[in-house]
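Start from the sequences, fold in the hints, and give me the full structure.
Below, each chain spelled out in residue letters.
2 protein chains.
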Amino acid sequence: MKMRTLFASILSIGMLAISINASANEPIQPIKAAKVTNPEMVELGKMLFFDPRLSKSGFISCNSCHNLSMGGTDNIKTSIGHNWHQGPINAPTVLNSSMSLAQFWDGRAKDLKEQAGGPIANPGEMASEHTLAVEVIQSIPQYRGYFAKAFGSDKVDIDRITTAIAAFEETLVTPGSRFDKWLEGDKKALNQQELEGYQLFKSNGCTGCHNGPAVGGALYQKFGVFHPYETKSKIEGRKAVTGKDTDLNVFKVPTLRNIELTYPYFHDGEAETLEDAVKIMGKLQLDREFNKKEIDSIVAFLKTLTGEQPDIKLPILPPSNNSTPKPVPF
Amino acid sequence: MKMRTLFASILSIGMLAISINASANEPIQPIKAAKVTNPEMVELGKMLFFDPRLSKSGFISCNSCHNLSMGGTDNIKTSIGHNWHQGPINAPTVLNSSMSLAQFWDGRAKDLKEQAGGPIANPGEMASEHTLAVEVIQSIPQYRGYFAKAFGSDKVDIDRITTAIAAFEETLVTPGSRFDKWLEGDKKALNQQELEGYQLFKSNGCTGCHNGPAVGGALYQKFGVFHPYETKSKIEGRKAVTGKDTDLNVFKVPTLRNIELTYPYFHDGEAETLEDAVKIMGKLQLDREFNKKEIDSIVAFLKTLTGEQPDIKLPILPPSNNSTPKPVPF
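These protein sequences, in sequence, are chains A and B.
FYI, in our numbering the residues of the first sequence are 1 to 330.
FYI, in our numbering the residues of the second sequence are 1 to 330.
These are computed hints drawn from the structure, not numbers from a lab.
None of the values given here were measured: they were computed from a predicted structure.
Please note that a few of the clues may not be correct.
Claimed, not checked - With a straight-line Cα cutoff of 16 Å, these simulated EDC-like cross-link-like pairs (lysine to aspartate or glutamate) come out: (1) A:K326 <-> A:E43; (2) B:K326 <-> A:E308; (3) A:K222 <-> A:E196; (4) A:K313 <-> B:E43; (5) A:K326 <-> B:E40; (6) A:K313 <-> B:D247; (7) B:K110 <-> B:E129; (8) B:K313 <-> A:E270; (9) B:K149 <-> B:E40; (10) A:K326 <-> B:E270; (11) B:K32 <-> B:D247; (12) A:K181 <-> A:E26; (13) B:K326 <-> A:E270; (14) B:K313 <-> A:E308; (15) B:K283 <-> B:E294; (16) B:K313 <-> A:E43; (17) A:K313 <-> B:E308.
As the list claims (entries may be wrong) - Some but not every residue of chain B turned toward chain A, in silico, with C-beta under 8 Å: (18) F50; (19) S57; (20) L68; (21) N75; (22) Q86; (23) F151; (24) E260; (25) A271; (26) E272; (27) F290; (28) K292; (29) I295; (30) Q309; (31) L314; (32) S320; (33) N322.
Beta carbons: idealized from backbone N, C-alpha and C, even for Gly.
Rendered as structure tokens:
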């Protein structure tokens with residue numbers, strides 16, 4: 001028995017070495033499964049993520065625009081907010097978002113915790129206020145119990161609410177894609193077209209920005225390096241954060257993980273298909289005119305980046321009671 | 001071993017007999033767990049229930065207003081529809097709805113299948129059209145595969161879509177409430193106040209309408225038997241279906257199962273608390289003026305009707321592709 005364990009350990013180390021070897025020279029690394037250190041915190045965060053009572057109307061939750069049934073997005077060009085407000089920007093996926101250098105397209109929030117507070121109080125999104133959101137959650141004794149389990153005391157404040165949501169979001173990673181299997185040594189995981197697509201993706205320089213485990217998210221880049229991007233969108237990108245003219249149209253490079261699920265594409269959502277997106281990116285960012293065969297191969301490769309989607313048990317939310325502030329939908 | 005099995009069987013039969021005995025003379029019967037005969041159909045129905053692509057905007061799914069995290073309702077007075085349309089009526093819970101004699105507050109749909117087609121094509125709800133909804137689902141090969149598994153062929157039409165949704169909804173029952181445990185013989189399942197509440201509920205005649213396993217849903221009744229109900233709502237009730245003046249303000253008696261979760265109450269959602277609802281129902285329907293102690297006891301009893309909520313694994317929806325009709329949110 002001991003010998004067998006020892007043998008298995010040696011075998012594991014050997015396989016790990018092969019696995020590290022296989023992806024060591026690639027610009028993309030496999031995604032690792034999430035490590036949960038505080039399951040009570042994650043569970044609380046999941047409830048809050050699904051709870052529309054964080055919005056003024058009682059109708060919009062984090063999951064409304066970062067729908068975990070649909071790649072962590074809403075799959076519409078720009079999001080619908082309170083009172084059917086037409087949002088200015090395409091909702092980025094929440095999947096693997098913990099790997100980004102900052103949050104939002106313009107990176108104006110330094111992490112998921114800071115991000116989570118934004119939409120709750122944005123009049124065009126959930127349209128609540130932090131004080132109101134706290135009042136709602138605090139009024140519910142079951143929630144206070146969950147806060148006590150997660151934080152050690154039942155105090156509810158916006159810092160704790162966003163901390164819990166961020167803790168849940170950190171678990172929303174998608175390992176196990178076919179591309180990751182290939183990286184880890186399973187050479188049959190990709191077919192010829194997909195491999196050709198990956199070679200094109202590398203040789204043309206897409207990996208200059210789309211690299212690392214999230215295949216993006218690690219840097220800012222101007223959208224329109226060689227040619228300007230034409231759009232009706234008034235979004236300025238990083239300039240809105242730094243005030244610098246040189247940051248106009250500079251955005252956080254989006255992750256390409258699960259890109260098959262997170263359509264439509266770009267900050268204005270104007271690219272409806274992956275083929276369109278690849279063609280435009282090639283032209284604007286790399287001054288390349290990809291032909292149809294090249295585009296099809298790159299798209300085939302991109303579709304191998306779809307990972308295992310988070311296994312979510314729908315939370316049952318504790319009910320409001322007579323002292324809970326009521327939603328104001330109209 | 002055989003003796004033990006025999007003994008266990010005798011014991012089970014004995015307990016069953018006690019159980020039947022315990023609830024035989026009560027006007028309310030326990031809820032039975034759902035029997036799933038076609039799991040592929042139920043799984044498909046779950047996907048469709050959660051799929052916002054059945055709406056014009058791509059934003060509203062069945063679960064938006066019949067939220068399974070919140071007792072199968074939206075917990076707002078009247079529902080939000082396409083373009084933030086203010087719905088005319090309070091969304092009834094989907095939980096245990098299969099036990100109703102008909103669907104909608106006015107019973108205009110004979111069953112869940114017929115009901116499911118309504119909101120999809122209602123301009124003030126999901127605002128799609130049946131042909132468009134079919135086109136969307138049909139364009140997705142993975143969905144066609146699920147239809148093949150559920151129905152034996154991959155044809156997609158509105159009849160099959162609504163059949164599958166109804167099959168899923170039929171599984172949304174909530175057995176195991178404390179009241180059901182009491183009915184089944186566990187006399188410690190209710191405390192003194194809850195028992196007193198149940199006695200008041202029976203002795204005052206509430207069980208005249210709120211009876212059976214769903215504690216409602218089995219008949220139509222005029223809202224305002226002794227005194228008229230005052231409301232700004234223009235909803236006519238059964239009159240809208242039958243055309244008869246005598247059916248004005250006649251509604252399907254709502255289920256009281258999970259009533260703690262399905263606030264606010266009445267077809268116009270104007271009763272915010274269970275205490276208000278009990279007081280008004282006592283006065284209007286029974287000509288009783290319940291005192292505070294009586295109301296509190298009845299409310300305590302009603303809260304024992306909260307059953308085990310459905311255990312739902314969030315479905316991962318198959319992505320749209322280049323041929324899928326695009327949502328039109330704005």
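Verification of the hints:
no.	hint	verdict
1	A:K326 <-> A:E43	violated (24 Å)
2	B:K326 <-> A:E308	violated (25 Å)
3	A:K222 <-> A:E196	violated (27 Å)
4	A:K313 <-> B:E43	holds (15 Å)
5	A:K326 <-> B:E40	violated (39 Å)
6	A:K313 <-> B:D247	violated (43 Å)
7	B:K110 <-> B:E129	violated (21 Å)
8	B:K313 <-> A:E270	violated (32 Å)
9	B:K149 <-> B:E40	holds (6 Å)
10	A:K326 <-> B:E270	holds (12 Å)
11	B:K32 <-> B:D247	violated (33 Å)
12	A:K181 <-> A:E26	holds (13 Å)
13	B:K326 <-> A:E270	holds (12 Å)
14	B:K313 <-> A:E308	holds (14 Å)
15	B:K283 <-> B:E294	holds (13 Å)
16	B:K313 <-> A:E43	holds (15 Å)
17	A:K313 <-> B:E308	holds (15 Å)
18	F50	holds (5 Å)
19	S57	holds (7 Å)
20	L68	holds (6 Å)
21	N75	holds (6 Å)
22	Q86	holds (5 Å)
23	F151	violated (22 Å)
24	E260	holds (6 Å)
25	A271	violated (12 Å)
26	E272	holds (7 Å)
27	F290	violated (17 Å)
28	K292	violated (13 Å)
29	I295	violated (12 Å)
30	Q309	holds (5 Å)
31	L314	holds (4 Å)
32	S320	holds (7 Å)
33	N322	holds (5 Å)
Figure legend: structure checked against the earlier numbered hints; hints not met, in rising order: 1, 2, 3, 5, 6, 7, 8, 11, 23, 25, 27, 28, 29.
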